[in-house]
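A.B. asks: Sequence:
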Amino acid sequence: MNNEDSSTNGTGTVLDTLVIGGGQAGLAMGYFLKAQKRKFLILDASQRTGDAWRQRWDSLRVFTPAKYDGLPGAPFPADRLSFPTKDELADYLEWYAAEFELPVNHGVRVDRLWRESDRYVATANGHRWEARNVVVATGSTQTPEVPAFAAGLAPSVKQLHSSQYRNPQQLQAGPVLVVGLGNSGAEIGLEVSRTRPSLVAGKPTGEIPVRHGKAAARYAFPVVRFLGLHILTLGTPVGRKVAPLLKAHAEPLIRTKTKDLVAAGVRVVPRVAGVVDGMPALADGTRLEVSNVIWCTGFREDFSWIDPALLDGGAMPRQWRGVALDSPGLFFLGQRFLYAEVSDTLPGLSRDARYLAAKIPAPAVLGSAVAAA
Numbered sequence: 001m002n003n004e005d006s007s008t009n010g011t012g013t014v015l016d017t018l019v020i021g022g023g024q025a026g027l028a029m030g031y032f033l034k035a036q037k038r039k040f041l042i043l044d045a046s047q048r049t050g051d052a053w054r055q056r057w058d059s060l061r062v063f064t065p066a067k068y069d070g071l072p073g074a075p076f077p078a079d080r081l082s083f084p085t086k087d088e089l090a091d092y093l094e095w096y097a098a099e100f101e102l103p104v105n106h107g108v109r110v111d112r113l114w115r116e117s118d119r120y121v122a123t124a125n126g127h128r129w130e131a132r133n134v135v136v137a138t139g140s141t142q143t144p145e146v147p148a149f150a151a152g153l154a155p156s157v158k159q160l161h162s163s164q165y166r167n168p169q170q171l172q173a174g175p176v177l178v179v180g181l182g183n184s185g186a187e188i189g190l191e192v193s194r195t196r197p198s199l200v201a202g203k204p205t206g207e208i209p210v211r212h213g214k215a216a217a218r219y220a221f222p223v224v225r226f227l228g229l230h231i232l233t234l235g236t237p238v239g240r241k242v243a244p245l246l247k248a249h250a251e252p253l254i255r256t257k258t259k260d261l262v263a264a265g266v267r268v269v270p271r272v273a274g275v276v277d278g279m280p281a282l283a284d285g286t287r288l289e290v291s292n293v294i295w296c297t298g299f300r301e302d303f304s305w306i307d308p309a310l311l312d313g314g315a316m317p318r319q320w321r322g323v324a325l326d327s328p329g330l331f332f333l334g335q336r337f338l339y340a341e342v343s344d345t346l347p348g349l350s351r352d353a354r355y356l357a358a359k360i361p362a363p364a365v366l367g368s369a370v371a372a373a
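In terms of UniProt numbering, the sequence shown is residues 1 to 373.
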């Protein structure tokens, strides 16, 4: 982290562009900004580039094949039809930042962003940065969602959100309830079933009707990618129609399907509706006796650190393809269905980053490609 405390980033000048978020979205944005020779800086809340992936569960593999997992200017270095581990992807992101000499300040979680006159001001831990443009690239998995009734579970029940789960060794002996049948719930439910009696609560939004693997990477994923990039977008009638529905629900099951869970002995049950006498209760009234609960209930976007005057009703601003319509110089990147169904994935965010880079006003004077880091 840059520890210089100055109203102008410690460099004596206002930045052209400040990128908040140093994951894949922020790095893709940095690639295009550097190509434009802008003075910019990337602020990353993690201590190390790629940590958002490293901190996920140990056995996780990326759902998309390596041929779609690269960032602009650098294909992912693996068999194109393979599915990288989460650590391989994390290491790739770290290499990418170093390879393209992107200015990333780590350990900086921005706590406030507002506008002053013709510039934006961001603060974190008592430090301050000013920039004419800001790209919010914090992604769509910011704050874990857990239902309020979770607080009513008995203290004897071990509770974890999927963001905290690493492996079955974290769990107590006894039955495990996985709440939420999206991709995380299905994958984690299958894994824990190998060592403990397991239940998964919920109903999937849908299931990709092909078996996950190299054949799917060769034949099915190009079709899925095309649909997600070019058909299911806010630029098409069908995309605009389905966007609210898709944003409100989890992705369809990709690798682990319901039949895989059943074959492994996992009991698939209705959704969890509350707590009765310290134990989870299902929508059909059944009370479950379990020792562990893993909440695979997703995340919510959290822009509470952004001045409400810049937002529309305290949520996102009025925007088109990430360009804020009422706040000149403010941009968003990496949110689900920002423009397309895949806008929060590597293929989608790379295209969105290229689009946004072309929309950021040209600097008055082209200076150094990067800011002091």
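These are calculated hints, taken from the structure and not from any lab test. Among the hints, erroneous ones may be present.
Unchecked claim - DEER-style ranges, computed between Cβ atoms:
1) Leu-245 / Tyr-355: 49 to 55 Å
2) Arg-318 / Ala-173: 50 to 56 Å
3) Gly-152 / Gln-172: 15 to 21 Å
4) Arg-287 / Thr-143: 26 to 32 Å
5) Pro-77 / Ala-263: 32 to 38 Å
6) Arg-196 / Asp-111: 50 to 56 Å
7) Glu-101 / Arg-287: 55 to 61 Å
8) Val-276 / Pro-144: 22 to 28 Å
9) Arg-218 / Val-276: 46 to 52 Å
10) Asp-277 / Pro-222: 49 to 55 Å
11) Leu-245 / Pro-144: 28 to 34 Å
12) Glu-116 / Ala-148: 22 to 28 Å
No residue lacks a Cβ here, since even glycine has one placed at the ideal position from N, Cα and C.
A.B. asks: Mind listing which of the numbered hints don't hold for this structure, in increasing order?
C.D. replies: 1, 6, 11 and 12
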